[in-house]
Structures are given as structure tokens and as C-alpha cells.
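Go ahead and model the full structure; you've got the sequences and the hints to work with.
If you want the building blocks of each chain, they are given just below.
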Amino acid sequence: MKLIFEKSIPGRGQDIFPACDVPCKLPDAPLREKKAHLPEISENEMGRHYTALAKRAHGVNDGFYPLGSCTMKHNPRIDEKMAALPGFAKLHPLQPADTVKGAHELIAELEKFLCEITGMAGVTFQPAAGAHGEFTGLLLIKAYHTDRGDIERNEIIVPDAAHGTNPASATMAGYKTIVIKSNENGTVDIDDLKAHLGPKTAGLMLTNPNTVGLFDPNIMEITKLVHEAGGLCYYDGANLNAVIGIVRPADIGFDVIHMNLHKTFSTPHGGGGPGSGPCAYKDFLAPFAPGLVCKDGKNYERAEKSIGNMTGFYGNFLVMVKAYTYLLTVGKEVYTLAQNAVLNANYMQEKLKDIYPIAFDTTCMHEFVIGLDPIYRETHVSALDVAKALLDYGIHPPTIYFPLIVHEALMIEPTETETKETLDEAITAFREIYERIFNAPETVQNAPQTTPVLRLDDTKAAREPHLRYTFE
Amino acid sequence: MNTPKELKYSRDDEWIRYEGEEAYIGITDYAQSELGDLVFVNLPEVDDEVVAGEALGDVESVKAVADVISPVSGVVLEINEDLLDDASLINSDPYGSWFVKVGSIGDNVELLSADEYEEYRG
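Protein chains in written order, with the working numbering: chain A, 1 to 472; chain B, 1 to 122.
Hint data in this document are derived by calculation from the structure and do not stem from the laboratory. Any given hint could turn out to be false.
As the list claims (entries may be wrong) - Partial list, derived from the structure: chain B residues whose beta carbon lies under 8 Å from chain A: (1) 39; (2) 62; (3) 88.
Given the structure is predicted, the values throughout are model-derived calculations rather than measurements. We put the beta carbon where it would ideally sit given N, CA and C, even for glycine.
Here it is, written out as C-alpha cells:
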């Protein structure tokens, strides 16, 4: 398929506006020296171009999308509709406060909902997405320790199954990451945790359920141990979808948490945003909250020892509108999301575990991990091959090669919005691929065969990237 | 799995080759094969101190990023700049592709013989 620049023909364009007959009065300095390379193409051709691109992509609207740890669930259209209301969509963050009272009220209400869901005392909506929320949470932890004069604490403990963003956020916040091992059940190794706790521990970052889809049964002991060592507990809310309405992170010993509104609370994501990663905290961290804080549901002010601004203004407001709409439509039955997400994952796991090796064979939460390693060693068909073969069935592949503690990992998260029929189709696809691994392995190793592009050379793409289109 | 007898190995899958007071460090054949096609390498700078059991750099493959854990404490005397240009050298020749040469060697992590390492990863 041609790029839009290759379809461009000089002089062809769109005749929405007549040619400009006003002389340009801009000073020379800000003017570009060369004309911008803009494609010149008729409106009709442009529409076709983007429709063709859309047809070649795969999203939640096209089919099953069990991308583990990403919660690619259906986003109710009403959320989009509400976010598109001109009264929300056309607001400007610099508008005088008394002209945006409705928006302020929505933010304050959403904060109340999220406090109820997490058990926390306050929420900042400043973080633009998940990892930014982690960074914010760690800065709160740091501000707390510094404020008490406890400045020797420079270590953040992160399990080896953690999302890569955890150690990255810890490094950004100026901490040293201490990686602890998972035990044979795929959860935190308590002895290894104890061995690394001490006067240098600033905190622990934990995803629960973790990235192998398991809820840590020792969570109360884990958070107690960290607190006894003087550290704080950070909850990575990436997997909140699995426990929402059932477990409140504050009740299991966490002091600060981020949520991904774009995942758990419905905003189409995966294409680079906009996201929203609000950070919720217990009362004792409130004095350090970033940005403007609403204390009475009406007026916004700065916290006394604020860590500053994490982003401009209030954060990505329209994502908040979607989350607010979502929670209003789901209502008190929010726990059914978690129940169905967990049920769907367990259904798939049960239907596949007789042939595919499950990394940690126990009741899972919202996702489960296949460790294809024994099959790979026998047949040389890899997790990547299975992922590519799924494309021919119209299924987006699961997350592969993550978490790192599982060799040849395939991490499957069906989400609560898929029907039993869709899950059954996916199970059939997985089982057919399994047959092919043993009967015709080359058909899996050479997959996909029906997609607009076939197997890409990702090594070459990484080693010799062409990142810019060069104009003649 | 290729495991030359003359080298020592760490449980973090690095090899070390002593030459007098100095030593060369790289990652094992097992490590490169688990990581798959390597695409980037981060190395320390000459004169940097490395600490036994802590990362001296990292490697990135199409699958994952992994720390390269130094088996010894010491000071970096030389880095292998060829790897910065072409990380695939590590895949094709893991024991020829040293990452760093270190001197002023202090303590070390537990080091295994080739046989012990093969048994550990076998």
C-alpha cells in the first residue's frame, strides 16, 4: 500500500477554502525556510486512504484482543458520547473557574468514587498515564520520608515479575531498584523480601494480582513486613480490573496506588493515548499531593508541601469524563466486572491446560500465563510462532515473552466483556494450533499467511530502523 | 550449549576470563540463546567502577532487556566498542564478544567451573 505522501500530486488538494488572498504579515523569524511537506490529495482519496489503513488494522472492534496485562476490553459507546459533549470537549483549562464548575464537580465526584473503590483518602488526576502515576506515587513516598528527615532510604523493592515500568519509575524518582525473587508458586518469596528489607527501604512496589495473574495469598504479611521496616507500600493498579469492587488496596496495606483509567475504567487505548493514571494516597500523604487539590468539592488549592506539578492543569480531563460515565453506568455492581474477568480467564485456562503447560497451575485471576518452553524444546515452535498463527484466526495475539520469569510466555487476558462464544472460538484456535505444532510445525513457524503483511523481521527492524520518510 | 573449560561462570550467566591481574567479562552462550537476537548493548565507560553482583550494563533483544551483572568488583579498563555497533556479534560469538576488561579486581560473586555451570543450566 502506498503512503499518503506517495499518493500526493502537486497542486491537487481540497477546495474547501478558496486560495488565500490576504498578504502574509508575519515577521520573518518564525517562518519556516522550506515549505512543509504536506500531502496534496483530494478529500475523496484521503478518505479512502485512511479507510484502507483502518481495514488493515486489528482492534477490539474487529475481534478478540487478549493482550495480557493490557485489559483490552470493550469501551461502552456512551462513555465516548459523554466525553464528546461540547460542554466538556470544548472546555479550556485556563477558563475562569466559575465557568467550569460542572467539570470541577465531575472531577470531585470521580475522586470520591475512586476513593471508595481503593479505600484511599485522596486522588490526584495529574498523571497522564500509568507509568506517570507510578512516578508520582514514588515522589509522594520520597517526599514523605524526606519530610520526616529520614533521608537514608534510597531503595525500592520490586519483584522479578513486575512490569518493566516499576524499576524505570523507581530510577526516575532517584531510587535504587532492588529486585526480589518470586517463589515456586509465582508470588513474592517472603524470605527474599525479608533479606532485602532494612533501614534503606523506602518502599515496595507490587502488582496484585501480579503479572502471572495470581493474587498473592501472603499480601497482609508482605505489607506488614514493609511497614515494620519503615517503608511504604505502592500498589501498581495495572491489574485492578481483577479485583475492583472486591478488594480495596488500602485494606491490604497499601499506602499509595495508581490506576489506569484508560484500562479499568474504559478508554480506548493501545495507540499511545491519551491515558490517565490517577494516583490515590492515604491521608498522611495528602500534604504532598501534586497540582491543585479539591478539598470541599468546589474550590481547588495547592497542598501545603506539594511535590509540584506532574503535568499542566488537572490531567487528561476527557478520560475522566469517560471513567465517570463508566462508573455511573456500572454502579454498585462494579464487582461483577472483576468476577467476569476472573471467570473468563479461568474458563480459558481450564479449556487449554490439558495441552498447553500453564506456568502456575492454580486458579488464576483475570489472566493466566502459558509457559511454552517444554513444547518449544521438543518442536522448536516458539511463543512467537503461536502468536503469529493466531493472527490467521482473526485474533490479536496475547502478550509474549512477559513476564520474564516464565520462559516462552504467552500471557492471556480475555477481559470481562467477551462472550462465551468468543472464548470458545479462541479456545478452538489455540487447540488447532496445538495440533499443527506437532503435525505440521512449519505452518505455525511460517504464520501468518492471511494478513496484509506476513512475518516481519523484527530483528532487522530493531537493528536497522528506518525512522523517517525521506522526501526526494 | 557451548561452555569453554578455561572460563569461569556466574549464576547470572556471565563468563569471566582472567589474564593476570585483569579480566574480560561477557555473557554466556546460554544467555544469548535465551535472549534471542540482540539488538542493543549498553556498556559502562572506561574508569567506571563495577561492583560484584551489580549491573555493569545491559543487553536488549527483540524479546527483553536484561542487566549484565558484573561477576567481580573492579575498574573498567577497556570496553568493546564493536558491540555498540553490532550487538549480533554476541549471538554469533558469545565468548569472543567480551563486554569489558576490568582491573584492580576486588571481591567476586560465587564463580562456577564450566562443568558446574553446565550442570546449573543443563
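Consistency of the hints with the structure:
Hint on residue 39(B) holds. Least Cβ distance to chain A is approximately 4 Å, under the 8 Å limit. For residue 62(B), the shortest C-beta to C-beta distance to chain A is roughly 5 Å, which falls under 8 Å, so the interface hint holds. Below 8 Å, beta-carbon pairs count as interface contacts, and residue 88(B) has one with chain A at about 7 Å; its hint therefore holds.
Taken one by one, the earlier hints all hold for this structure without exception.
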